[in-house]
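Two chains, two frames, some hints: make the complex.
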Amino acid sequence: MVDGVTLDVAAGRCLAVVGPNGAGKSTLLRLLAGILPARAGTIDLLGRSLRTWRRRDVARVVGFVPQLFSLTFPLTVRELVDQGRAPHLGPWRPPAEPDRAAVARALERVHLVEQSATGMQNLSGGERQRALLARALASEPRLLLLDEPATALDVRHQLDLVAVLRELLADGVGVVLVVHDWNLALRLADEVLVLDHGVVRASGSPAEILRSTVLSDVFGVSLEVLHTADGTPIVVPVGRANDASPALSLPPRQPGC
Amino acid sequence: MTRWADSLLAASAVAAIIAGLVLAGPAVTPGGAFAWLTGNGDSQVGTILLQVRLPRLALAFAVGAALAMAGAALQALLANPLADPFLLGISGGGAAAATAAFALLPAAALALVPALAMGGAAMATALVWWMARGPLGPSPTRMILAGVAVNAAASAVILTLLAIAPSPRLPGALAITMGSFAAASLPAVGWLLPYLLVPAVLLLHHGRDLGLLAVGEESAAALGVEIAAVRRRVFLAAAALAGGAVAFAGVIGFIGLVTPHLCRLVWGHQPRRLILRVAVAGGALTVLGDLVARRVLAPAELPVGVVTALLGVPFFVALLRRSS
Chain A
1 MVDGVTLDVA
11 AGRCLAVVGP
21 NGAGKSTLLR
31 LLAGILPARA
41 GTIDLLGRSL
51 RTWRRRDVAR
61 VVGFVPQLFS
71 LTFPLTVREL
81 VDQGRAPHLG
91 PWRPPAEPDR
101 AAVARALERV
111 HLVEQSATGM
121 QNLSGGERQR
131 ALLARALASE
141 PRLLLLDEPA
151 TALDVRHQLD
161 LVAVLRELLA
171 DGVGVVLVVH
181 DWNLALRLAD
191 EVLVLDHGVV
201 RASGSPAEIL
211 RSTVLSDVFG
221 VSLEVLHTAD
231 GTPIVVPVGR
241 ANDASPALSL
251 PPRQPGC
Chain B
258 MTRWADSLLA
268 ASAVAAIIAG
278 LVLAGPAVTP
288 GGAFAWLTGN
298 GDSQVGTILL
308 QVRLPRLALA
318 FAVGAALAMA
328 GAALQALLAN
338 PLADPFLLGI
348 SGGGAAAATA
358 AFALLPAAAL
368 ALVPALAMGG
378 AAMATALVWW
388 MARGPLGPSP
398 TRMILAGVAV
408 NAAASAVILT
418 LLAIAPSPRL
428 PGALAITMGS
438 FAAASLPAVG
448 WLLPYLLVPA
458 VLLLHHGRDL
468 GLLAVGEESA
478 AALGVEIAAV
488 RRRVFLAAAA
498 LAGGAVAFAG
508 VIGFIGLVTP
518 HLCRLVWGHQ
528 PRRLILRVAV
538 AGGALTVLGD
548 LVARRVLAPA
558 ELPVGVVTAL
568 LGVPFFVALL
578 RRSS
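Chains A and B, in that order, give the protein sequences.
Residues 1 to 257 (the working numbering) make up the first sequence, in order.
Residues 258 to 581 (the working numbering) make up the second sequence, in order.
So that you can see chain B by itself, here it is in the shape it has in the complex (with noise of 0.2 Å):
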């Protein structure tokens, strides 16, 4: 059955590439795409794949994998099936920093905003940590308090910049917190992809521990687990993930948050069975939205940061009706 369903998810994942591919724009349909990778096609069509929809493409996978594994690790790591990046103020810190790189810094200086931008989510994170610690680590709940409390405040933050930013910032900024992929280039997703391989790697290797976490910290700690350093590191991890993918492509919410329970739904609850698999459906479902946000009002791109919101309204619709 798990063979089954992960040559499935496989397949999706290859089916929603080339779908992203073949399907985004009218600068290229099907036909062309499949002529030009049979060597007839022309090289515009070409130019248009390789260095406009396939860093987009790559983009949107890592981004989309990314915070789908920090959903999952946090999910864990917490007990709550409600964390992700974004509850926990990492995505907020975030964009509260590139909100006001964007809107305050010159335009020579604007390079900088994804460095400031996991600068903030760094900052934010630290803050959490701070607020919630305790003798074993952080608690799970003083955990969620502490990141809602950071996620209004930067909340706050990002509305005052919107309410100042001078107009020609604003659609950037606007960006930003709304979530796009329309900055996407070679040299970022080249920047991007090692630095998300470290953080991931971690949380594979922790897989296992979160496992047994949930099953009691005393229990976790008889069976070798080094409770303290197990929770710093995951959610140092998460952070990670997170902060990689807003500096880039602004706050997505609802992937981090709803790609780990539908692959609950499949793969069962165990952390290290899940992480690998979250990180493939959520780059695919990432994909997916960015594809669906910039065909459904074409020529206008929404943001995709709305399609994947869209895609939280039958989540917690379905979440009602079964604990009812």
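Extracted from the complex, chain A is given alone in its bound form (with noise of 0.2 Å):
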């Protein structure tokens, strides 16, 4: 359940959703997605109340990225990234040279170009992933909704999913990302929402929400925040909150540092 949740994402801007297990986030993500109806409250698309949309006129501005799939029959890579153009394709139309293009796009985008032959039961957990963001890549949305879309992918594909955000943000599409991991969302989100049972703890920019206690409180944990060398900064749990001998210990700062 979500309850009292305002936000806004606007085109080429980035909202990262972080909380706990079972906070809502997941919840919220499929409200906006319009896969889950709102019992009260409105949430608005371009302007107009989601509820005056078509299913599929919210499909060809939204893509969604899943954190799992089911697999029923057996399925290739292009295959399933060529679904994302379903919203524009309607029932009887069949794929025409723009469409294809769009996959072929989506595909390199998430270098998944050699294995677009593969059947997505033989990819690995990070493959089939990516395959998922390239089919919501295919729909070229507006908005692009991801739930945990980094839990199964390595460190070098993490990166390129940061890089793949970036070139969606700077286009102007709006992401609104659900992660658990908070690093990734400080690198990318130009607001983070914190979400504890269902409710908004605290929302402002990566700064605000690091110089707030909030993530500390929200998750029950001590926290150290550390700044690589170009300023970034990252965020290291140290132990769990009251606890007298925290988890890890780290070496005290450098001076100059």
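Just so you know, not all the hints are guaranteed correct.
Between beta-carbon pairs, the in silico distance windows are [what the hints assert, rightly or not]:
hint, chain 1, residue 1, chain 2, residue 2, range
1, A, Ala96, B, Leu416, 53 to 59 Å
2, B, Ala268, A, Pro74, 24 to 30 Å
3, B, Ala267, A, Gly41, 54 to 60 Å
4, B, Leu265, A, Arg48, 46 to 52 Å
5, B, Ala485, A, Ala104, 33 to 39 Å
6, B, Ala262, A, Gly119, 16 to 22 Å
7, B, Ala566, A, Pro94, 35 to 41 Å
8, A, Ala104, B, Ser264, 41 to 47 Å
9, B, Ala262, A, Glu108, 30 to 36 Å
10, B, Ile275, A, Arg93, 32 to 38 Å
11, A, Leu68, B, Phe573, 28 to 34 Å
12, B, Arg260, A, Gly172, 40 to 46 Å
13, B, Phe573, A, Pro94, 56 to 62 Å
14, A, Gly12, B, Leu265, 49 to 55 Å
Facing chain B, a subset of chain A residues (Cβ under 7 Å, in silico) [stated by the list, open to error]:
hint, residue
15, Ala33
16, Ala59
17, Phe64
18, Ala86
19, Arg93
In case anyone wonders, no lab produced these hints; they're calculated from the structure.
By construction, the Cβ of each residue, glycine as well, lies at the ideal position given by its N, Cα and C atoms.
Below, the structure written as structure tokens:
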């Protein structure tokens, strides 16, 4: 259940939603995608209430990357990504050149061109996540909603994901990202929403969130904020809150850092 | 590859129809049929071909196509390779109503049997739908369970009716439960074909949606599928197709189950690609099945459902081998 959430996603801006397990992050994402109906409140897409939109029109504008998917029959990567064009094709029209081009661009962006003929059941978890991202990209959405897009990705592909999302943001696509990895959120987001038990505990820029104690409070952990050489903040949990002996102990900060 | 396969399918369908026309019985020989076609045959051959065999062929093809389409749609909708109209109680409901009508109605009212059969299929469909209801439309698992329950009830009703039916009506009642095209006529075909067209087009309309549903409900919804509406329409269309088939030909099993599997071997799993092709394949298979039913124990006629049931044996054996 999600209650009393107010947020705004503009073109080219990235909103990250963080929170403990069961906070309602995925529910919020599904409400935004129009997959779950909202019992109260309004969701506006491009200035119009989501309730007035037809499902297929929403799908043309909003891309959704789920965390999981089921496979009831064998599907190649290309066939999966082709599905991303469905909102633009309707029930009868076969794919044409612009559709094939959009699919090719999507596959290139996630570096899955060579695996395009591979069956989805033969891919690794990370490759599947990239395929799901490609499917959302194939529909050329203006708003991209991602549910834990990096959980199965290795470090290199996580960086690739950041690069792809940065390109999309630069192209004017709005992004809403549900993540467990705070650092991924902090690296990408213009705004962070901290959700707990379905309620917004804090919202603001990454710097504002880090200056406050909301992450410690909500997650019940004590944190250290470090900085990389270029000043990017990195948040490290060092133990449970009120824990006399922290789980990790870090060397003292060197002078000049 | 697909074009080659499509051509082969079309050619097989044409060959099956021709075989059904000229090989179905001793009254018309291939030579006699050819002679009539070229204008030299006798008019009796023409009468048999046009008034007897052609309607029967058209009925067999239409029923086979309808059952195969219904099976393909249900297998995609329920994500279950064993789904077919028979499993879901639709055929059973229609057959129970038809058997009841045939066994109990006075002779003057027997023309109502097809309509009552469709009513029975519709009631079975509604019952399955109601039993399996949920917030996003009925879930696949619940529909299968409800279907099995309804089918069991329908089988009990049919067996009871067969036990109490007056003996003159028994052969006809048995024909309903085992499938037969003997009641084919031009008016019947003229009624059935347009009726089947509507649900067939509806299934084609939702072919893409079925493919999207197969990768998960949330994905499908995010890609624009109105899940509850699609589930309802596809199920109703499959039920209408199966109801029409049962009403005019009785219960013919395994066409709806096996034909989609055979077609998947060649054309893959995408429902959008399969639906039209299973229709042609199902029609051809049923026409051939009817031909075998008429000739193998000639002059006696086997019920066509017996022949199609024999199709099921190698099918399940092959499935067993593949899964081991």
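Worksheet item: Does 40 to 46 Å hold as the CB distance between arginine 260 of chain B and glycine 172 of chain A, or does it fail?
Response: At roughly 42 Å between Cβ atoms, glycine 172 of chain A and arginine 260 of chain B fall inside 40 to 46 Å, so the hint holds.
Worksheet item: Does phenylalanine 64 of chain A pass the interface hint, meaning its C-beta sits closer than 7 Å to a C-beta of chain B?
Response: Interface hint status for phenylalanine 64 of chain A: holds (4 Å vs cutoff 7 Å).
Practice prompt. Using the beta carbons of phenylalanine 573 of chain B and proline 94 of chain A, state whether their distance is inside 56 to 62 Å or not.
Written response: violated (35 Å)
Practice prompt. With 54 to 60 Å as the target window, see if alanine 267 of chain B and glycine 41 of chain A comply at their CB atoms.
Written response: holds (56 Å)
Worksheet entry | C-beta pair isoleucine 275 of chain B, arginine 93 of chain A: status relative to the range 32 to 38 Å that was hinted | holds (36 Å)
Discussion item. Can you tell me whether the CB distance of alanine 104 of chain A to serine 264 of chain B sits inside 41 to 47 Å?
Written reply: Violated: the Cβ-Cβ distance is about 30 Å, outside 41 to 47 Å.
Fill in: C-beta pair leucine 265 of chain B, arginine 48 of chain A: status relative to the range 46 to 52 Å that was hinted
holds (51 Å)
Discussion item. If I claimed the Cβ atoms of alanine 268 of chain B and proline 74 of chain A lie 24 to 30 Å apart, would that claim hold in this structure?
Written reply: Since alanine 268 of chain B and proline 74 of chain A have Cβ atoms about 28 Å apart, the given range 24 to 30 Å holds.
Worksheet entry | alanine 262 of chain B paired with glutamate 108 of chain A, Cβ distance criterion 30 to 36 Å | Distance hint for alanine 262 of chain B, glutamate 108 of chain A holds at roughly 31 Å.
Worksheet item: That 33 to 39 Å hint for alanine 485 of chain B and alanine 104 of chain A (C-beta), does it hold up?
Response: holds (34 Å)
Practice prompt. Double-check alanine 59 of chain A for me: the hint is only fine if its C-beta lies closer than 7 Å to a C-beta in chain B.
Written response: Holds, because the Cβ-Cβ distance from alanine 59 of chain A to chain B comes to roughly 3 Å (cut-off 7 Å).
Worksheet item: Does the hinted range 53 to 59 Å hold for alanine 96 of chain A and leucine 416 of chain B at CB?
Response: holds (55 Å)
Consistency note: the structure conflicts with the earlier hints numbered 8, 13 and 19.
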